[in-house]
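*Asks:* Take the sequences, apply the hints, and build the full model.
Number of protein chains: 2
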Amino acid sequence: MSSTQIDFYYDYTSPYGYLASERIEAVAARHGREIRWHAILLGAVFKITNQRPLLEAPIKGDYAIKDFNRSAREHDLRFTFPETFPIGAVAACRATLWLREHDDASFRALTVPLVHALYRAYFVDGKDISPAETVIDIASATGVDTHALSAALGEQAVKDALRMSIDSAITNGVFGSPTFVVDGEMFWGNDRLDMLDRWLATGGW
Amino acid sequence: MSSTQIDFYYDYTSPYGYLASERIEAVAARHGREIRWHAILLGAVFKITNQRPLLEAPIKGDYAIKDFNRSAREHDLRFTFPETFPIGAVAACRATLWLREHDDASFRALTVPLVHALYRAYFVDGKDISPAETVIDIASATGVDTHALSAALGEQAVKDALRMSIDSAITNGVFGSPTFVVDGEMFWGNDRLDMLDRWLATGGW
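Protein sequence lines, in the order shown, are assigned to chains A and B. Using my numbering, you'd call the opening residue of the first sequence number 12 and step up by one each time. Using my numbering, you'd call the opening residue of the second sequence number 12 and step up by one each time.
Just to be clear, a hint being listed does not mean it is correct.
Identical chains share a label here; the pair holds if one copy fits it or two copies do between them.
Each computed DSSO-like pair below joins lysine-lysine, with the alpha-carbon atoms no more than 30 Å apart [claimed, not checked]: (1) Lys58 with Lys71; (2) Lys58 with Lys77; (3) Lys170 with Lys71; (4) Lys77 with Lys170; (5) Lys58 with Lys138; (6) Lys170 with Lys138; (7) Lys58 with Lys170; (8) Lys138 with Lys77.
These are calculated hints, taken from the structure and not from any lab test.
*Replies:* Next up, the structure:
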């Protein structure tokens, strides 16, 4: 855990996670921070915190879809609410964490491009990214060695990496997507990205 | 409904509602808008939208208290999480709506001072504002005719005004506190106040 790090926890089925993923790098760069990308699955977290998915809430869910679109438009981000929603992005998470932890730096360098490619496939192109084959296709277009990835998706160590990513999120008090942690301070929600920016600019308050 | 209006829906037991109440007037003034103060009780709304109070959620509730304080500090607002929480602010709502709808302009002029006095009594001084006697004391210090208020709190028309305020909120899709509506566009949450400001500055996007 470097002190110049932003821990970015996100679920691939989270619209606000997608929106934040498109802006977090600019915030990090402005303050000389590196991002650690924590792909997680919120299902397990939701059970512990006794939450239900946002869109299942009557009235609130309708507002949320409107707000996703409005929040995207404000920052000129492409966004289309996917027909298949929510999804369980197990393979997408495993692929991301496998790249992030890879021994070979040329693999690790593809982590962030893959994060964006997966998120955009889902929230821009409307592609259901839950099947492993779809993740492999997207990874291939991103330049990832698909033979290595296909093998990795079945490995116990890669499955464990996702389990650990989720456990670590829970241990750190993460309960939603996106969540940012800097210097022990946690910020939840795409709408906290500007606050995070001001926090880093001022050193906090 | 004037087109130069901001509809501000809030519950007196809502910390984010208090925080927004301290900043909404500056936003309104910047854009030449008037505020219509809709005191509501979220209990009825929560039943319909199947939500539970934020602080009852494990983990998420702890974060929320931290975030209340951090959000207050950022804007130099005084805030102390009250010992008695949540409360049912029926009398506070009725007093507010009674003033707002009063025939006498000198009574109506006390609406906003009373909103601030009630909110600050609860979230700055930690005073439980649920008893009618407490509301009357606070109103008295604000310059309200307490004989008239005491009588009003028992009147059917005043009870109906609160019921209508809540019904109107539900009809308009309000599900949380604070909620702002301008020109048919709804914004939910204290953290949407800056977005509302930008929306009014640009004419929306």
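*Asks:* So, for every hint listed, does it hold in this structure?
*Replies:* Here's how the hints hold up against the structure:
no. : hint               : in the structure
1   : Lys58 with Lys71   : both (20 Å within a copy, 12 Å between copies)
2   : Lys58 with Lys77   : both (26 Å within a copy, 22 Å between copies)
3   : Lys170 with Lys71  : between (34 Å within a copy, 27 Å between copies)
4   : Lys77 with Lys170  : neither (35 Å within a copy, 34 Å between copies)
5   : Lys58 with Lys138  : within (27 Å within a copy, 35 Å between copies)
6   : Lys170 with Lys138 : within (23 Å within a copy, 52 Å between copies)
7   : Lys58 with Lys170  : within (20 Å within a copy, 40 Å between copies)
8   : Lys138 with Lys77  : within (20 Å within a copy, 38 Å between copies)
Checked against the numbered hints above, the structure violates only hint 4.
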